[in-house]
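Engineer: Spelled out, the chains give:
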Amino acid sequence: MDSLNKLWLSTGLANFELGQVIMMLVGCGLLYLAIARNFEPLLLLPMGFGAILTNIPVAGFSEAGGFLSYVYHGGIETGIFPLIIFMGVGAMTDFGALIANPKTLLLGAAAQTGIFATLFGAIALNAIPGIEFTLKDASAIAIIGGADGPTAIFLATKLAPELLGAIAVAAYSYMALVPIIQPPIMRALTTLDERKIEMAQLRPVTKVEKVIFPLGVLLMTIFFLPAATPLVGMFCLGNLMRESGVVDRLSSTAQNELINITTILLGLGVGSKLSAEAFLNVETLGILGLGAVAFSIGTASGVLMAKLMNKFSDVPINPLIGAAGVSAVPMAARVANKVGLEANPHNFLLMHAMGPNVAGVLGSAVAAGILLALVG
Amino acid sequence: MDSLNKLWLSTGLANFELGQVIMMLVGCGLLYLAIARNFEPLLLLPMGFGAILTNIPVAGFSEAGGFLSYVYHGGIETGIFPLIIFMGVGAMTDFGALIANPKTLLLGAAAQTGIFATLFGAIALNAIPGIEFTLKDASAIAIIGGADGPTAIFLATKLAPELLGAIAVAAYSYMALVPIIQPPIMRALTTLDERKIEMAQLRPVTKVEKVIFPLGVLLMTIFFLPAATPLVGMFCLGNLMRESGVVDRLSSTAQNELINITTILLGLGVGSKLSAEAFLNVETLGILGLGAVAFSIGTASGVLMAKLMNKFSDVPINPLIGAAGVSAVPMAARVANKVGLEANPHNFLLMHAMGPNVAGVLGSAVAAGILLALVG
Amino acid sequence: MDSLNKLWLSTGLANFELGQVIMMLVGCGLLYLAIARNFEPLLLLPMGFGAILTNIPVAGFSEAGGFLSYVYHGGIETGIFPLIIFMGVGAMTDFGALIANPKTLLLGAAAQTGIFATLFGAIALNAIPGIEFTLKDASAIAIIGGADGPTAIFLATKLAPELLGAIAVAAYSYMALVPIIQPPIMRALTTLDERKIEMAQLRPVTKVEKVIFPLGVLLMTIFFLPAATPLVGMFCLGNLMRESGVVDRLSSTAQNELINITTILLGLGVGSKLSAEAFLNVETLGILGLGAVAFSIGTASGVLMAKLMNKFSDVPINPLIGAAGVSAVPMAARVANKVGLEANPHNFLLMHAMGPNVAGVLGSAVAAGILLALVG
Amino acid sequence: MNNMEQQFLEAGTLMLAGMVFVFTFLTLLIIFINTVLAKLAVKFPDPVPSIRKRSNKKNNKAVSGDISPAIVAAISGAVTRYRQQHSQQPSSSQEAKK
Amino acid sequence: MNNMEQQFLEAGTLMLAGMVFVFTFLTLLIIFINTVLAKLAVKFPDPVPSIRKRSNKKNNKAVSGDISPAIVAAISGAVTRYRQQHSQQPSSSQEAKK
Amino acid sequence: MNNMEQQFLEAGTLMLAGMVFVFTFLTLLIIFINTVLAKLAVKFPDPVPSIRKRSNKKNNKAVSGDISPAIVAAISGAVTRYRQQHSQQPSSSQEAKK
Ligand code: NA
Ligand code: NA
Ligand code: NA
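Chains as they are written, first to last, in our numbering: chain A, 419 to 794; chain B, 419 to 794; chain C, 419 to 794; chain D, -19 to 78; chain E, -19 to 78; chain F, -19 to 78.
These are computed hints drawn from the structure, not numbers from a lab. Treat the hints loosely; a few may be bogus.
Claimed, not checked - Quick look at which bits of chain B chain D covers, simulated, 3 or more residues with Cβ under 8 Å:
| # | segment |
| --- | --- |
| 1 | 518 to 527 |
| 2 | 625 to 638 |
| 3 | 772 to 785 |
What the hints assert, rightly or not - With the Cβ distance kept under 10 Å, some of the chain B side facing chain A (calculated, not the full set):
| # | residue |
| --- | --- |
| 4 | A454 |
| 5 | N456 |
| 6 | F457 |
| 7 | G548 |
| 8 | F642 |
| 9 | A645 |
| 10 | P648 |
| 11 | G651 |
| 12 | M652 |
| 13 | S662 |
| 14 | G663 |
| 15 | V664 |
| 16 | V665 |
| 17 | L668 |
| 18 | E675 |
As the list claims (entries may be wrong) - List time: in silico DSS-like cross-link candidates among lysine-lysine, alpha-carbon distance up to 27 Å:
| # | chain 1 | residue 1 | chain 2 | residue 2 |
| --- | --- | --- | --- | --- |
| 19 | A | K521 | E | K23 |
| 20 | C | K424 | A | K554 |
| 21 | F | K19 | C | K521 |
| 22 | B | K424 | C | K554 |
On a predicted model such as this, the values are computed, not experimentally measured, just so you know. Cβ coordinates follow ideal geometry from the N, Cα and C atoms, glycine included.
Whole structure, please, built from the sequences with the hints as guidance.
Structural biologist: Structure follows, in structure tokens:
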């Protein structure tokens, strides 16, 4: 009898709390988005699964000695996982389009308006009872507007670890929603003629340019914003491994096995922060709302910047590629291409949109550095 | 002279203890089994090598600051390595045969009798002087009957770390010996007519079923036995990555590089527990004996369960596939197939035996959870 | 204004120290050697990059909580990374040429003179003001003469961690310079006729020999020099995984993904020790000088040993292959082949030079073990 | 021996509880498969792939360029005839790949 | 509300400083590309590969002869299909790999 | 300088002990190879593979089938001519793959 009672007391049924049940449903929701909707599955699948695991009663996944606590403290709290993923993303990134058309960096800069406007918005939300965002919290939330997962996770871990779960969910969800969020904004802010603009073919970029570029970016970051060098530095390391052509086996591993291993663990670890206390509150709603605003403002700013540049430049820019400045590589570039094709079936913007797209990655890493330097 | 003396004192020859020599021979024996006999080489090779390394005098592989001590404390004591391997095994497992013929789950359940009978036997051995198994020890030993390496290592680490070496050696040795241990038992308990039974072709299983299955298993484990969720959860994560089809690169890495890296280190770390004090005693003999009994009882129970089910069911089951319920994937299923072919050259049981085979993995993970919940 | 000031104070420009600038230039120099000159790029690229990162002001890469501090303390200080690389190198090494012509082990032994002569030289340098090498320092420096990266890093970490950066830079630089350093010495010490010597084709080596060889090496190391077993043991484990043929998936992972991941991190971690305080001093010049001497003496000793052996042996040995005894696998063997071809266009020495080449790896691991045993 | 008796009692309880639990658990899993999964299998059948489309896809992949299936067929015919005349060796190509 | 006002002020400053900084930074990067990289592109142009040589290289890799990969693929496809049709033994080689 | 002298002495001893040890160790390894391994090589020779099979294997690797180089040359000629007549588009399939 004693044993039976002990067995009953060790079941989940005898130990569930409502919050845990709800958070498991949230985890299932993330799995649904990942599997059925193909929303950023590489991160949302492990993250959703991590959310389920961490909320299992008795099992203690995130308590001292639990598997997820090792993953979180060892890989995320230390910043190691996001940095390794950033290195891998750097090794996957081709800056050719950006170097061929450097003006597109301005589009990547403009789209960061989404970040800083959200910062403002997060503070404004403090007017709502139950929401109490410090400037650190606000900064961590604002980075969602950067549309870059590892950057958001890295910054959130440093500035507001208790919000990490909600921020990561918001960041990846909206990145997955880019094909839904962006097109209406892009169409609303452009005329049909603007969307029809065809862009000149990009000049070829030499190998030496591609090798020196990441070093130049790193150098400038060192000069002006060392706080951004963890992110930018690892990104540039990956890119240098790629472009140098002398360490192909390292570059390949960074792009494949290493980033895959890290992605599984990062997802699980981020998911482990989706506990009821941390997620089930009005602040999470605020974060989700701010994320949508951030993406919209970023998209709009990019498009408007492109229109502005057309006023001052002879070489026409299709304003649609401005929307790719939010990063969300390579989805946003594909969206620009698709909306462009709707207006003009001969208008292939993909390569052109890759410029602002990767500029957006740099832009948000720089923005993260600024927030770290001034608020962190 | 002083230097020469120091050099002499730093040789192995000047420092050997008998126990170390014997344990190195045990390590060599494991290497022999792995290399010459092809007995579970993926684990026995690194384990045997680890046994040699850990017993080298002076070198201090398993002392503070030694390589194997980092591996053991970092990866095995924490449970990280067995769980990662379980994820990889999940990513390699196809539950199709099980879903197509769910009754075979009962065979996987029956075979767990081997575990619980061994538990009883371990306590009985306490009658022998020199053997003093606590209930925790007995539980850790009993799991050998589960015929599943990572499960055994995980449970032994939690319940009886000082027995880990002997338990792992026994578990993997008997898993390798499945083609020798099982057939006589299978033949003894079945008639030729029973072994000739051909089974109906399995129905095709849809993708949705395969995706939902690991989630259902996890859900039930959460409800009824959260203590088993570390093992079952990671297994289901791997399987979900496999079947969802949206994270193929993660699934592939989990099945290949990640599991390979972890296997090397797990083997070395487990081998590092093969020290003379821990292994050279009468308890190890007891463990080895109990392991053989556990496998035999598990095999017999599976076969008898299948015969019992034939009494109550219209669709005939070849009782040989019951033996596959001990898990030891996929060796036990192949053995069932081979013994079936002996009796009837047209009788291909492999796919049918995969059902109880993977059911056995779940069954022993559940059994491990029960032992953890009630004894841990 | 306050914010602007804070932003300015957080720039690199406001915080640079001269030493950091110089060390970044050193890092750029290493990158140049790696990328433009293809000098050991697999290690020098991450190492150069690590040197840049660690010297960035404000960013704190190598301070507590910084990315590189985790890499260094977790992987290098513990010895884990060099040992894993050594395992991978073992899995890549084919001892066939050595087993077929075991006399070449003497060439590998002779070339270790470079190590021990350098030890003497390092002590002699203490006569120069500003240089103050202990016997531990001298031993760590001397191992540069072993021409083997992981061995040098492993030993330096144990004996003189503050010199690690300079030692690693010297070791890898000279390994890359082997094609420039060795040929003049080889030509000076040999006559044209000697260089023309063609060697008999090697006998085929059986699988069993290749499997037993690493075990024999390990056994002898255990008997006579357990202090060398971390290096030799991991090397032999890798080689056994390769030659046993039963764990091809582990061997392949050890040779590829695992060694690649570790190489990236090892390079970064070693680079992180290239701080101004540790590198910008006269001792570094001494180390660089000693490294060149060590390589030269090692090369000369190998060649002279081969000439000596020719006096006592009927089967002629081309003395050029003696130079390959310094290890620097496989570059030194290629150099021997090239210089041989110059003298005699039909003289293919590559396979013959692989014998002393891999013997050199064992030789310097043994030498490292002696230094550890007597000085460590 | 009192201690051992008690241990046996505990072990026996554990055995009973364990076996009951394992059977219950896996039986519930059978029910889950027979109800939930079975319904899902009916509701979400696997999409039936058009065979034509598939084989085309494969051809395209294999040919990787601008050679039409017609050519492939032609060559295939030629090769077939040639091989019928000349080749005897068993095809060990799969092994070679490994 | 005093506190919130101050926070707004801080956020505003941060926004201003941030946007200015981001634009300055990326503008400097444009200058870097237009000056340094542009000069480097002129000074170190990519080596112009002789087209003949290149295509040869590719061929060599694929077939160690002068047949283009596309053809080889075509032939291989044809042969594969031929073998699938004519060979009777079930191809157990795939299983063997596992 | 007393200290340095002592260090020299230590270094000298170390050098001597080290070189002697290294030579002894590797000489023992020579003996090990010449005795133990040599005996093993005689006792456990490698299984002799049939030469026919082996050369086939190599051919297969190159052309992925058991077609002789002669056929490949013949087909290649035919295909080359066909392509010269029909195909104009540059083969961008290689790029697409990347
Ligand atoms: Na961005
Ligand atoms: Na089992
Ligand atoms: Na060496």
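Engineer: Does each hint hold? Answer for all of them.
Structural biologist: Results of checking the hints against the structure:
1. 518 to 527: Holds, because 6 residues of the segment 518 to 527 of chain B bring their Cβ atoms closer than 8 Å to Cβ atoms of chain D.
2. 625 to 638: Since three or more residues must qualify, the claim that chain D covers the segment 625 to 638 of chain B holds, with 8 doing so at under 8 Å.
3. 772 to 785: Per the Cβ count (5), the hint holds.
4. A454: violated, 32 Å
5. N456: For N456/B, the interface hint is violated, since the closest Cβ of chain A sits about 27 Å away, which is over 10 Å.
6. F457: With a closest approach of 29 Å, the F457/B hint is violated.
7. G548: violated, 29 Å
8. F642: Holds. Min distance 5 Å.
9. A645: Nearest chain A Cβ about 6 Å off; hint holds.
10. P648: With a closest approach of 6 Å, the P648/B hint holds.
11. G651: holds, 5 Å
12. M652: holds, 8 Å
13. S662: holds, 5 Å
14. G663: Where the cut-off is 10 Å and the nearest Cβ of chain A is about 8 Å from G663/B, the hint holds.
15. V664: holds, 4 Å
16. V665: holds, 5 Å
17. L668: Nearest chain A Cβ about 5 Å off; hint holds.
18. E675: holds, 4 Å
19. K521/A with K23/E: It holds: about 22 Å lies between the C-alpha atoms, which stays within 27 Å.
20. K424/C with K554/A: holds, 16 Å
21. K19/F with K521/C: At roughly 17 Å apart (the allowed maximum being 27 Å), K521/C and K19/F satisfy the hint.
22. K424/B with K554/C: holds, 16 Å
In summary, the structure is inconsistent with hints 4, 5, 6, 7 from the numbered list given earlier, while agreeing with the others.
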